[in-house]
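Taken in sequence, the protein lines are chains F and C. No gaps in the numbering here: position 264 of the first sequence is 265 in my numbering, and each next residue is one more. No gaps in the numbering here: position 224 of the second sequence is 225 in my numbering, and each next residue is one more.
Hints were generated in silico from the structure; no laboratory data involved. The beta-carbon is built from N, C-alpha and C at its ideal position, and this holds for glycine as well. Hints may contain errors.
[What the hints assert, rightly or not] If you want a taste of the chain F side facing chain C, the calculated C-beta under 10 angstroms gives, among others: (1) 53; (2) 55; (3) 130; (4) 146; (5) 198; (6) 224; (7) 255; (8) 261; (9) 279; (10) 291; (11) 295; (12) 317; (13) 344.
[Stated by the list, open to error] Sample of chain C residues facing chain F (criterion: CB under 10 angstroms; computed from the structure): (14) 155; (15) 157; (16) 159; (17) 187; (18) 259; (19) 336.
Take a look at the letters that make up each chain.
There are 2 protein chains.
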Amino acid sequence: MVGTSETAPIRRVAVLGVGLMGGSLALAARRRARVHDVRGYDIDPRATEQAVTAGVITRACGTPEEAAAGADLAVVCAPVRSVPALVKAALAADPPPRLVTDIGSTKAGIISALTLEDRRCFIGGHPICGAETSGVRFAREDLFHGATYFLCPTDEVPPELYEVLHAFVAQIGAKPVAVDIEAHDRIMALVSHVPHVLANVLMSTVGGFEASGRRALYSVGPSFKDLTRVAGANPPMWRDIFFENREALVASLRGLAGELTSFCELLESDDESTVLERIEQTAGFRQELLQYEDITPETLYRVTVRIPDKPGVLSQVMTGLGNANINIEDLTLHHFNRDVGGDLILYVSGEETAVTVGMLAEELGYAAFYSGGAGG
Amino acid sequence: MVGTSETAPIRRVAVLGVGLMGGSLALAARRRARVHDVRGYDIDPRATEQAVTAGVITRACGTPEEAAAGADLAVVCAPVRSVPALVKAALAADPPPRLVTDIGSTKAGIISALTLEDRRCFIGGHPICGAETSGVRFAREDLFHGATYFLCPTDEVPPELYEVLHAFVAQIGAKPVAVDIEAHDRIMALVSHVPHVLANVLMSTVGGFEASGRRALYSVGPSFKDLTRVAGANPPMWRDIFFENREALVASLRGLAGELTSFCELLESDDESTVLERIEQTAGFRQELLQYEDITPETLYRVTVRIPDKPGVLSQVMTGLGNANINIEDLTLHHFNRDVGGDLILYVSGEETAVTVGMLAEELGYAAFYSGGAGG
Numbered sequence: 002m003v004g005t006s007e008t009a010p011i012r013r014v015a016v017l018g019v020g021l022m023g024g025s026l027a028l029a030a031r032r033r034a035r036v037h038d039v040r041g042y043d044i045d046p047r048a049t050e051q052a053v054t055a056g057v058i059t060r061a062c063g064t065p066e067e068a069a070a071g072a073d074l075a076v077v078c079a080p081v082r083s084v085p086a087l088v089k090a091a092l093a094a095d096p097p098p099r100l101v102t103d104i105g106s107t108k109a110g111i112i113s114a115l116t117l118e119d120r121r122c123f124i125g126g127h128p129i130c131g132a133e134t135s136g137v138r139f140a141r142e143d144l145f146h147g148a149t150y151f152l153c154p155t156d157e158v159p160p161e162l163y164e165v166l167h168a169f170v171a172q173i174g175a176k177p178v179a180v181d182i183e184a185h186d187r188i189m190a191l192v193s194h195v196p197h198v199l200a201n202v203l204m205s206t207v208g209g210f211e212a213s214g215r216r217a218l219y220s221v222g223p224s225f226k227d228l229t230r231v232a233g234a235n236p237p238m239w240r241d242i243f244f245e246n247r248e249a250l251v252a253s254l255r256g257l258a259g260e261l262t263s264f265c266e267l268l269e270s271d272d273e274s275t276v277l278e279r280i281e282q283t284a285g286f287r288q289e290l291l292q293y294e295d296i297t298p299e300t301l302y303r304v305t306v307r308i309p310d311k312p313g314v315l316s317q318v319m320t321g322l323g324n325a326n327i328n329i330e331d332l333t334l335h336h337f338n339r340d341v342g343g344d345l346i347l348y349v350s351g352e353e354t355a356v357t358v359g360m361l362a363e364e365l366g367y368a369a370f371y372s373g374g375a376g377g
Numbered sequence: 002m003v004g005t006s007e008t009a010p011i012r013r014v015a016v017l018g019v020g021l022m023g024g025s026l027a028l029a030a031r032r033r034a035r036v037h038d039v040r041g042y043d044i045d046p047r048a049t050e051q052a053v054t055a056g057v058i059t060r061a062c063g064t065p066e067e068a069a070a071g072a073d074l075a076v077v078c079a080p081v082r083s084v085p086a087l088v089k090a091a092l093a094a095d096p097p098p099r100l101v102t103d104i105g106s107t108k109a110g111i112i113s114a115l116t117l118e119d120r121r122c123f124i125g126g127h128p129i130c131g132a133e134t135s136g137v138r139f140a141r142e143d144l145f146h147g148a149t150y151f152l153c154p155t156d157e158v159p160p161e162l163y164e165v166l167h168a169f170v171a172q173i174g175a176k177p178v179a180v181d182i183e184a185h186d187r188i189m190a191l192v193s194h195v196p197h198v199l200a201n202v203l204m205s206t207v208g209g210f211e212a213s214g215r216r217a218l219y220s221v222g223p224s225f226k227d228l229t230r231v232a233g234a235n236p237p238m239w240r241d242i243f244f245e246n247r248e249a250l251v252a253s254l255r256g257l258a259g260e261l262t263s264f265c266e267l268l269e270s271d272d273e274s275t276v277l278e279r280i281e282q283t284a285g286f287r288q289e290l291l292q293y294e295d296i297t298p299e300t301l302y303r304v305t306v307r308i309p310d311k312p313g314v315l316s317q318v319m320t321g322l323g324n325a326n327i328n329i330e331d332l333t334l335h336h337f338n339r340d341v342g343g344d345l346i347l348y349v350s351g352e353e354t355a356v357t358v359g360m361l362a363e364e365l366g367y368a369a370f371y372s373g374g375a376g377g
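Working from the sequences, and respecting the hints, build out all of it.
Spelled out as structure tokens, the structure:
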């Protein structure tokens, strides 16, 4: 699959939008794909200056057209709603780039904004490795290492262009996965956009609920904290993502609302065995996910360590575990307040390990307890 | 509020169900409330033997009646569905205990299983400090320290009995909060049972979804992982909790399904400004929660550190942060696989701290990046 003799190699890359993602892609292009000429454009000229100084790109350009002109590959690394305009700007360069791609988290909206002619040299892309908003300062050539990198070619794209992009994605360390646009957007709706909507809706429902003079918000526990960690995150960015992927998102949300209603019906009809089956089926999927991530789920134990809220305590606990050669499969923190501290919740493999963690924590003077099963 | 001269003090406590919670309550009764006579009963006689040996209880009893006879306070610390039978057994003791309470996470079902006569000396209780299933071995006298402890007295309960329980709860270190039964169950449905249902429904929807030959489950990111950490947990226990709190849970779930549908309508009617307002309102609630937990939300930054999957790495990072006196307000881990490792996601106060964390991580050789705002 990697660049063959029939495929002309990539000699010049243009990155349109030089933030963390664009900068990391530029670095990976230079150091991993051995591209010597990597030009950058950003709406903020300081970003491209900084990128040149840091050796992230080889040349700063004042316009997207200037950056994209004559490039073998132009990569648009901008917020989803800016993508179509930047793709069009890149395609308007003289000479136009051989191929344009993007890294936006939704695809149908972008494609529908392009003409048939545009689509002949555009392939939507989406690396699954975070969507942070920090700048080029934190760019890393290994950001894409091991990440699934979706590619969504339309029928208009010549196969040799797809091959070029596929090879480049593999060279920067990611795993290219071809998927059709509708499937991509539906999957992203389910695994990313729906969780954000659920977190928001749960948080606003609980935030607004009061009974008997008691606010629900002040009685929350670890499960609520886990479910709402992303609630309210970056409002303008998430508004844009929700609307860009509106169709798939609405379909998924309506499906989920239907599932909640049907769960209510199981409760109301006293169908205890089906409820149990459903939870067990869910446990099966979670085990499958853990297996996919190389964690042995049958033996996953959850250990809760109650720690005070002081600098150094987490490191003290972690150092103790590290010295004992204990591997943490997953972890989360449930903070109560400055006075009480919080619960550090650790997931480890095997009951013996769980007991060891508990004893180590107790030696340090912290309460600890554990429960078995895939997630306690 | 603490035990007055008019209130006879608690001299003998019976704990019915000696697991982590019951054992911790027994220890707290002995060491914090200075109760010299703490008797225990458990369906598993080994648990009470172990509890006597470890000094958790002062006497092991073979039946709940034997343990409860003549007690000033009998505390039922058993799974929700076993609570009514144990309350009735305690009340049938000769002489009956002065007061019976429980620590179950739902209240209406238990109350409805009791007679008016029973209710004269029963007060439902519910400490918010975890519902782990590990045994008495991990019992700690400080388990209840600082925890909200709901008390749900009915109208049948004489005020002086409520005062006795209130004083005891304060003595073991918890914060007693009176709340009516319906409000309690509705709040618990929202903050605990609904999150579990959402986690289950999201996991089973994603688990079953495949498009274009790609399984959604294999494309999940950190937000999905956070939302489904409790998915599939302890199926029989959660089935029981869901059914015990069926009425409040169904009301909350139907409300939430309605919110999802109304969110879909906002998307379909192109109402971008209301969607933005909703996310911002949610961000406000999350900030309020963080403030309630003594975290300054305005300055919370999210730092992602990509770490390999090896024992000692977490401790290495945490030790570095501890040495630099950096306080972690919240954290979560997103594991990819053994090869790539995962993202350690840390929440810290202030951009300067975020940059320091990033630099420390990079000094250790790990990629790091950050984003601002309440949760990135």
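| When the hints from earlier in the document are held up against this structure, which numbers fail? | The structure conflicts with hints 1, 2, 14, 15 and 16, although it agrees with all the remaining ones.
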